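So the protein sequences, as listed, match chains A and B. Residue 234 in numbering that gives the first Met the number 0 is what sits at position 235 of the first sequence, and the numbering runs on without skipping anything. Residue 451 in numbering that gives the first Met the number 0 is what sits at position 452 of the second sequence, and the numbering runs on without skipping anything.
Hint data in this document are derived by calculation from the structure and do not stem from the laboratory. Every value quoted in this text rests on a predicted model; they were computed, and no experiment measured them. Be a bit skeptical, because a hint or two may be false.
[What the hints assert, rightly or not] To spell it out: a stretch of chain A is covered by chain B in this simulated footprint if at least three of its residues, at any positions, have a beta carbon under 8 Å from a beta carbon of chain B; those stretches are: (1) 58-72; (2) 333-339.
[To be verified] Now the stretches of chain A that chain B is said to cover, found in silico as 3 or more residues with beta-carbon under 8 Å: (3) 225-232; (4) 421-431.
Cβ coordinates follow ideal geometry from the N, Cα and C atoms, glycine included.
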Amino acid sequence: MNYLDMTIVEMHHALIEGKTTPIELVREAIKRAKEDTNNAFELILEEQAIKEAETIGEPQPHNLLWGIPFVAKDNFSTKGYPTTASSNILNGFIPLYDATVIAKLRELKAIMIAKATLDELAMGGSGTTGHRGPTFNPYDRSHQRMIGGSSAGSAASVSAGIVPFALGSDTGDSVRKPASYAGLVGFKPTWGRISRYGLFPFAPSLDHVGVLARSVADATIVATAISGYDPNDATSSANPVPDDLHLVTSDVSGMRIAVIKAIVNSPHDKVIKQKFELLTSELKQRGAQVDLVSMRRDLLDAIYPIYITLSCAEATSNNANLDGIKFGPATWGATYAAAMMAARTKGFSELIKRRFIIGSYALMRENQAALFLRAQKGRGMIVAELKRILGHFDLILVPAAPSIAPRFIDKTDKLSEEYLIADNHLVLGNFSGFPSMTVPLGLKEGMPFGVNVMAKAFDERAVLKLALAVEEVTGLKSLMAKGGDTK
Amino acid sequence: MNFEAVIGLEIHVEMKTKSKMFSAAPVTYGAPANSATLPLDLAHPGTMPRLNKQAVINAIRVCDALHMDIDREIWFDRKNYFYSDLPKGYQITQNARPIGKNGYLFVKSSNGLRRINITRLHLEEDTAMQHHFRDYTLLDYNRSGIPLMEIVSEPELHTGLEAADYLDKIRSIVTFADVSTGKMEEGSLRCDVNISLRPVGASKFGTKVEVKNINSISNVAKAIDFEIKRQAQVLIAGQAVAQETRRFDDSLKETVSMRMKTDSVDYKYFTEPNLVPVRLSEEFIAAAIAGCPDLAEAKYKRYIEKLGLSEYDANQLVASQPLCKYFDELIGFGANPKAATNWLSGEITGYLNKTNTTFEQFPISSSRLAELLKLIEKGTISNKQAREILEHMLIEQTSPSVLAERLGMHQISDADALKTIVAQVLDENGQSIADFKQGKDRAFGYLVGQVMKKTGGKANPGLASRLVKEALSRR
């Protein structure tokens, strides 16, 4: 077994004991990245990563991330290295500063080896809309199945075993849904836990930084390392970051777990349903209280329209800075309006333009009350409902997705009535900002699927506890795509 | 038909905080283009706003001076529109909840003081500066993000003079509160005028015209006076006033049409999601207000009651914050208030007018000028000598005592030293003593003159005169 295939803790021990070195790990990771056929990367930072590994200095026994290679989604600002958010409008754009999470990982001497592909500007859930084309699911060598998005390349690179963890961003489910399709742990802590400074915004009130990794422990180690108050992000929380999460056990006895009836009862693949039921009965045997709870159906049906309205409205404003004047590819015109329109016409794909039009429409004076403000109100009602449930329970547990990774051919851009709830409920974690983690639950036809755990704001401890128990029950830890091209 | 003008002012005050409204970049004037910028000021992706605390404190102080209700929470909104000087594609402003509401101040009108209500005061950020050329436009982002306060009056002003006084009072408040340099000519104070006419007694408003780009307070009055005449002529001719934006042409002294106004722009406002609402405690607000420097009114009172200045002198001083500040410093360094006032309104103002400069550019520090004034008061030098020393001080950074020494300007104020000279002069001028005794006053003047001549003009004239008188009485 290559040291790069190990968990972060194992890799750390191997590094400290001198069994391997950062340069070895980085060389191997870059080799695998170069062999990647899943379209996981915007940019491989070979020269820079090797230089960092060579000049890393003395091993740090108390720093688990020392010398560990990783990948960042290409919507994190990286000083001196192109960051495109997989959009043509940012081709060649070289940021002037590091995102806070990038700076923190740099400080800890973790080594970024590549920038990963995403759905254009992180808007999308399929991993197909980036300017480099679709990213493939490493579990399907025939390249017929998607990895999901928008953190497509991040998920693909961890699942293919190129790096032990990757940074992603999650506005709707962009870390936690691909995690389900890729057999990974996808974790977004509470909104405000991790600074968003330097994350190219999609919809700030919903945007989270998230981590993709191959085990609950790995995801937690990374998430904890990049958490904490940041004066550069006024919305980041001063709530102290717990430093004892490594002591949390999988003991779920006495834990009160809510399963939302309408979500599990909405259409799901049969295998997923069965596995989910097996999981809940096992958790009960371990002493957890697992109850089916009801949640207002109209609110669940409203998740998707509310999400589209709010996220598109914020997105149209956040991306108004992309006018080709100050940075990125320049487009000339006789007037500002002409130059700006030329840049945006050329720079954005049709899907992005459609979202901007939806968002703009929802914000128009004559529509704002009926659309945007109503959606905000709806969001508030949904969050109140979640709080009501979490007033009686420690956690909410539901399947992360209704199916294994869909084939490209099956996925249409049309809103699917069938999966209206099952495919969109992870947004609950973005509406509320509550900590939410997807953990592998099972495999079907060699393709993984996951389960999702959500707790109250800042109760990452509860999330971790249940996630560890799930991992123990399923035995699905350190999964890697066997059908991947890197083996 | 008689018309009544209905005028409302929107005033933008650019703050002189150390850093920008939401970025740590410095607030500068005249720095090389684009040197005072950070990625946020150019709206680089992923940058996030941080609220400038001093800007909030400044707003509270001005709200208090304008008797406004101060919101206990600070909320910001996005105002979305595309424009070349707006890097983010939106401006962060306060739309739904301005920090200040329902204020007022009193302005001079033809029939005494009149209360003008102020609708709102809100915080926002400035845009980039544009430099237009024939074929292209250059953008300077140094101004992008500088904190602004917008103060909106109710449409309750009626004349150019009232509007000018209103604007002057706002200028006085923001400069004395140390919030802004308040200079219209430099754009740190900007005023847009909304003006319409209606028949006297009518309750319905006429069509509103907006006048922009006015670069001085007196031009605000001129623009309004012109606009009142222009609109009246249009109405008398039976035509409709066009709804438009006009600018004031300084050389023509007229307003000129810029563009027609169609339906107002939809800015698609929504709450800024990257700033959480900030709660203002009562203590914070109280401390902000308590820490506000004295405004003109308080200074005026102090000058009269504590320093014994005349109303005229006090008024002269409080007309300008930099002047007041300099004056206060002079007093702090021990200068005599009356002498300081005389010098500031005389010599110093003369110099500034002659050189067309302002107090900020005045080359002599207050401590040096105070030293000069004290030399006069002690009798070390005469007023005339002081004026000569001042000429040198304007050119070189040298203390007045050193200059007095170098120019040989020590006044002889030592009575013993002078007595010897007086005795000599009297001994040499027996005829004059006789003349004096016979009642010829001119002889006294002649004798004092001789003392001055013998000392090369350095004798303290008052002392010389007293000593000659004493010596004569003994002869």
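Taking the earlier hints as the rules, which of them does this structure contradict?
1 and 4
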